[in-house]
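**Student:** Use the sequences and the hints to build the structure in full.
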Amino acid sequence: MTERSTYLELIRELVKGDPEAYRQRCEELDEKGWDELGLVVGAAFFLAVRERQSELASTPDIIRYVADTRAEIAETGFDLVPAVAEALIRSATTGDTAALEDVDANLIIESEMLLLWKLLGDFSDEKLSRFLVEVNALSERWANA
Amino acid sequence: MSNIEEVVAQLLTVIHRLDQAVIGMNRGQADVDHAHESFIEAGRGSDHRLVRTAITASSEGAAKAGKVARLLAEASGHFAAYANEIAPGSAPTNSQATEAAPSGEQLLREADRAEDGFGRFAKRVVAKAESAGETGKKLIDFLNSARPSGTTSTTQKLPPPPRNPTAAGTPGDAAQALIITGAALVAAVLRGISFVRRRRDKERD
Numbered sequence: 001m002t003e004r005s006t007y008l009e010l011i012r013e014l015v016k017g018d019p020e021a022y023r024q025r026c027e028e029l030d031e032k033g034w035d036e037l038g039l040v041v042g043a044a045f046f047l048a049v050r051e052r053q054s055e056l057a058s059t060p061d062i063i064r065y066v067a068d069t070r071a072e073i074a075e076t077g078f079d080l081v082p083a084v085a086e087a088l089i090r091s092a093t094t095g096d097t098a099a100l101e102d103v104d105a106n107l108i109i110e111s112e113m114l115l116l117w118k119l120l121g122d123f124s125d126e127k128l129s130r131f132l133v134e135v136n137a138l139s140e141r142w143a144n145a
Numbered sequence: 001m002s003n004i005e006e007v008v009a010q011l012l013t014v015i016h017r018l019d020q021a022v023i024g025m026n027r028g029q030a031d032v033d034h035a036h037e038s039f040i041e042a043g044r045g046s047d048h049r050l051v052r053t054a055i056t057a058s059s060e061g062a063a064k065a066g067k068v069a070r071l072l073a074e075a076s077g078h079f080a081a082y083a084n085e086i087a088p089g090s091a092p093t094n095s096q097a098t099e100a101a102p103s104g105e106q107l108l109r110e111a112d113r114a115e116d117g118f119g120r121f122a123k124r125v126v127a128k129a130e131s132a133g134e135t136g137k138k139l140i141d142f143l144n145s146a147r148p149s150g151t152t153s154t155t156q157k158l159p160p161p162p163r164n165p166t167a168a169g170t171p172g173d174a175a176q177a178l179i180i181t182g183a184a185l186v187a188a189v190l191r192g193i194s195f196v197r198r199r200r201d202k203e204r205d
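Chains A and B, in that order, are what the protein sequence lines are. Take 1 as the starting number for the first sequence in my numbering and just add one per residue. Take 1 as the starting number for the second sequence in my numbering and just add one per residue.
Among the hints, erroneous ones may be present.
Here are the computed lysine-lysine pairs in the DSSO-like style, where the Cα-Cα straight-line distance is at most 27 Å [stated by the list, open to error]: (1) B:128 x B:138; (2) B:138 x A:16; (3) B:64 x A:32; (4) A:32 x A:16; (5) A:32 x B:123; (6) A:16 x A:127; (7) B:137 x B:123; (8) A:127 x B:128; (9) B:138 x B:123; (10) A:16 x B:137; (11) B:138 x A:32; (12) A:32 x B:137.
Restraint ranges, calculated between C-beta atoms of paired labels, are given here [as the list claims (entries may be wrong)]: (13) B:116 x A:31: 22 to 28 Å; (14) A:75 x B:49: 55 to 61 Å; (15) B:112 x A:124: 25 to 31 Å.
In silico contact screen, one side only, chain A against chain B (beta carbon under 8 Å); selected entries [as the list claims (entries may be wrong)]: (16) 29; (17) 32; (18) 46; (19) 81; (20) 93; (21) 97; (22) 99.
What the hints contain is simulated information worked out from the structure, not anything from laboratory work. Nothing here was measured: the structure is a model prediction, and the numbers come from that model. Note that CB positions come from ideal geometry on N, CA and C, so glycine has one too.
**Tutor:** Next comes the structure, spelled out in structure tokens:
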């Protein structure tokens with residue numbers, strides 16, 4: 001199994017809102033390499049959307065969720081592209097990613113990370129740890145598929 | 001293509017456009033809702049007439065955007081029903097979707113399909129992301145300025161009072177823009193109806 005703990009801890013620090021620990025984790029990844037960030041973040045995003053499925057059941061639900069997230073991050077200098085964020089959530093539910101194929105890959109990763117901050121924001125430490133174990137397992141399955 | 005097929009194709013186009021418009025209206029309603037919340041927050045402690053007007057206008061805007069979305073959804077449903085009347089099974093309807101509740105096995109298959117599809121997509125993202133590290137590091141700035149998730153801004157800043165509360169940029173205006181968009185769509189729908197009628201008249205002749 002590939003060692004992905006650095007990515008998993010990066011997600012934990014993102015969700016917990018710990019900028020200093022996150023910055024140090026970035027330095028660690030600068031040395032080890034960032035190659036699989038998109039895979040691990042993608043797996044976390046997929047599982048997080050599944051976890052929140054009941055809140056994201058319809059198109060209006062998804063639109064409201066994205067709008068709520070945008071309102072929460074409005075003063076950070078970051079933003080979501082609504083069409084991309086909404087398509088990401090829909091795609092994680094259906095597996096149909098046609099609407100995202102022409103979107104810049106870095107924008108996909110950034111959007112997933114901003115949404116993860118919101119999707120996992122109220123997880124307890126224990127629940128987040130269990131969640132990250134699942135993310136690791138799914139990343140491994142996807143990497144070997 | 002037969003006349004009926006052409007008519008059905010036109011109807012499906014109109015239905016698709018209406019469905020897209022419903023999504024746009026819902027998105028608009030969510031934006032206006034947030035503007036309304038911001039106005040309430042910004043205007044807390046103030047009883048100024050313009051602040052009250054802005055809060056009322058934004059509330060009305062959100063309600064009207066929601067109403068337009070519901071009406072467009074209804075219109076889409078009626079067109080789908082009509083398409084199914086002239087060519088049974090040609091258009092999907094909500095009732096069909098709810099009647100055909102999926103079995104547990106189907107649900108599992110769908111979940112697997114979603115996992116496989118999104119997994120393949122994640123691998124393509126990895127292959128295409130040339131600066132994943134820069135993207136990851138950008139979020140340091142985000143964390144430096146983000147509040148804990150689940151909280152919104154509580155800054156109580158009163159924006160300079162507009163000369164006219166319905167001037168461009170206010171939620172009242174956003175709602176108006178949405179309603180104008182809705183009107184344009186209704187016009188498109190009416191053109192669709194006229195098209196169908198002309199076709200039917202031709203067929204009768």
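**Student:** Check whether the Cα positions of residue 137 of chain B and residue 123 of chain B lie no farther apart than 27 Å.
**Tutor:** Holds, because 20 Å separates the two Cα atoms, which is no more than 27 Å.
**Student:** Holds or violated: residue 138 of chain B with residue 123 of chain B, Cα cutoff 27 Å?
**Tutor:** holds (22 Å)
**Student:** So if I understand the rule, the pair passes when the alpha-carbon distance is 27 Å or less; does residue 16 of chain A with residue 137 of chain B pass?
**Tutor:** It holds: about 16 Å lies between the C-alpha atoms, which stays within 27 Å.
**Student:** Hey, residue 138 of chain B versus residue 32 of chain A, does the alpha-carbon distance stay inside 27 Å?
**Tutor:** holds (18 Å)
**Student:** Falls inside 22 to 28 Å, the C-beta gap from residue 116 of chain B to residue 31 of chain A?
**Tutor:** About 33 Å separates the Cβ atoms of residue 116 of chain B and residue 31 of chain A, which means 22 to 28 Å is violated.
**Student:** Would you check whether residue 93 of chain A satisfies its interface hint, that is, whether its CB is within less than 8 Å of any CB in chain B?
**Tutor:** Status holds, d = 6 Å.
**Student:** Was the hint right that residue 97 of chain A lines chain B, CB cutoff 8 Å?
**Tutor:** holds (4 Å)
**Student:** If I claimed the Cβ atoms of residue 112 of chain B and residue 124 of chain A lie 25 to 31 Å apart, would that claim hold in this structure?
**Tutor:** holds (29 Å)
**Student:** Does residue 16 of chain A lie within 27 Å of residue 138 of chain B when you go C-alpha to C-alpha?
**Tutor:** Holds - the C-alpha atoms of residue 16 of chain A and residue 138 of chain B are around 17 Å apart, at most 27 Å.
**Student:** Is it true that the CA of residue 128 of chain B sits at most 27 Å from the CA of residue 138 of chain B?
**Tutor:** Distance of about 18 Å is within 27 Å: holds.
**Student:** Less than 8 Å between beta-carbons is the criterion; does residue 46 of chain A satisfy it with respect to chain B?
**Tutor:** holds (5 Å)
**Student:** Is it true that residue 75 of chain A and residue 49 of chain B lie within 55 to 61 Å of each other by Cβ?
**Tutor:** violated (28 Å)
Of the numbered hints stated above, those contradicted by the structure are hints 3, 8, 13, 14, 17, 19, 22, listed in ascending order.
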